[in-house]
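> If you want the building blocks of each chain, they are given just below.
Number of protein chains: 2
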Amino acid sequence: MSLDHAATKPHDRLAAALSEEMEAVNLLIRERMASEHAPRIPEVTAHLVEAGGKRLRPMLTLASANLCGYEGPYHVHLAATVEFIHTATLLHDDVVDESAQRRGRPTANLLWDNTSSVLVGDYLFARSFQLMTETGSLDVLRILSNAAATIAEGEVLQLTAASNLATSEATYLQVVRGKTAALFSAAMEVGGVIAGRDAETVQALFDYGDALGVGFQIVDDLLDYQGTDATGKNIGDDFRERKLTLPVIRAVAAADAEERAFWVRTIEKGRQEEGDLQTALDLLAKHGTLESTRADALAWMERAKAALDPLPGHDLKDMLLDLADYVVARVR
Amino acid sequence: MSLDHAATKPHDRLAAALSEEMEAVNLLIRERMASEHAPRIPEVTAHLVEAGGKRLRPMLTLASANLCGYEGPYHVHLAATVEFIHTATLLHDDVVDESAQRRGRPTANLLWDNTSSVLVGDYLFARSFQLMTETGSLDVLRILSNAAATIAEGEVLQLTAASNLATSEATYLQVVRGKTAALFSAAMEVGGVIAGRDAETVQALFDYGDALGVGFQIVDDLLDYQGTDATGKNIGDDFRERKLTLPVIRAVAAADAEERAFWVRTIEKGRQEEGDLQTALDLLAKHGTLESTRADALAWMERAKAALDPLPGHDLKDMLLDLADYVVARVR
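Residue numbers (my numbering), protein chains in the order written: chain A, 1 to 332; chain B, 1 to 332.
Think of the hints as simulated: they come from the structure by calculation, not from any bench.
A virtual CB, placed ideally from N, CA and C, is assigned to each residue, including glycine.
Hints may contain errors.
Looking from chain A toward chain B, a few residues come up when the C-beta cut is under 7 Å (computed) [as the list claims (entries may be wrong)]:
1. H37
2. A38
3. R127
4. F129
5. L173
6. L277
7. Q278
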């Protein structure tokens, strides 16, 4: 690997290697987010789709299909499908979280209204099912409708687990699978399925996506306590929304009586006062839970890389391996 | 037709004729609305599913499949699919409309919160796609994913058409197709498709569902200005939400300068005062738009009945014909 090579971010290298197909994906996305009758739909969608997201999920699908030697046209449909499901989820998430910022810009629910976010999300979700139906693969439909159910279930679970100090690491993991890993793993899996690959290979692709997704979300939850405004995230959102993410779950488990009272008041009862976020950060530092959470993220990324062992050598495989390293490098 | 026969409501006769299969549908619905990890999901869904809705849409699918001589098991899956899509739509609608009542009971968004309604709706939507995938019919997937897109598009169109006095009858019809007719027609169509019937028959089934749905929604919009609390609807909801339904669109078209100023203030600018609903009702009466809207509903029901001409004589066909008459009888 040349120095020049190493200096380029792995998702930029993926984007370069897949540029022609990603262009086809973007064209299809733009074509399918149109609506003859309701111009509000492309307005809202364009705000999000054109906001410069990394298009990580569709690239996973394209990379997976190419790694498996697929030569048909439908990986482009599947990549667009995955991005539509992701965008629909973001629109609904912002309503649920009452977020004001996404990718460093005001959210759609702030610019338009909650109802537009709900309904345009529904539209994109329906469009995604039209797209995957066009592939003619019932296996693909099964995988992606399962993923959609896991995503929604995870979100509901997060909602009911929020503010519940009894939330376990196992529940956290289920939430994370729903929030992130389910779509990462499905995005990888369908690439192998559309290429007609054997069960072992398809499982390897799934496992990579699953571990990458879990690790990615753990990193995201870490950044919620460490990030700067440059990431476009508001620091402490999860704390204010009383979400029990891994750093807090571990700090609660290690808390003495006084600390526990703090968590009960701020998270369980939601009676937050000025200075509480700083106290929370101090407690996470005291118990080293940001460090132990970071160690978990690293372990997941090692698992992701090991999952790809059965796949033959390939430039795209190298990029996927580097991608796993890069994700945790954000919090190294 | 005996007197006894005539005294029974057609959807009750449909329910009786299809009781065994509807039991299988209800069983499947209960089974699939479960969630291992998130008990909030069946709570919210049960509130709505068990609320004593008429299950009209799944009965249309069962009736259509039976009319076409289908003998397999998948019309039950399709009927449950259609009810899930309908329930998901209701959950999201209540968030959008900020409704407080549905089927005479408090809405889920009032009992739980908007976020539960959004996320549980997403879950049911994903579940519906899992169910239809199990039928193994790509035609069915195409029809139902198209219907889902039309539904969402119609809702967005309604949102942007709301408060816009320039809304035409054509736009109204597009909204109505999205709100109601798209799922009625798809429910009928998939019954014929799963039975492997020819294009002409499938078209006839579609046309019946489409006309029944349009007529049904026109009647519903009429009842919004005529209904009593017995219907579980709040009179004047559409007026308060500044929705342009057919009676108002026609009154606006016939308005003199003073009346137009009233509509501009109440609908376009949304500055409503006490007594405005009564004034609106007076204007609808003055221009006879409730009567002309009623005439349209009748015409749609004649169209629905004529659509079934190509189908052979059958008890279920008679019930579908009676159903069309019964829907308009609510406002006769």
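> With reference to the structure, classify each hint as holding or not holding.
Hints versus structure:
no.: 1; hint: H37; result: holds, 5 Å
no.: 2; hint: A38; result: holds, 4 Å
no.: 3; hint: R127; result: holds, 6 Å
no.: 4; hint: F129; result: holds, 4 Å
no.: 5; hint: L173; result: violated, 11 Å
no.: 6; hint: L277; result: violated, 23 Å
no.: 7; hint: Q278; result: violated, 28 Å
Consistency with the previously given hints fails for numbers 5, 6, 7, ordered from lowest to highest.
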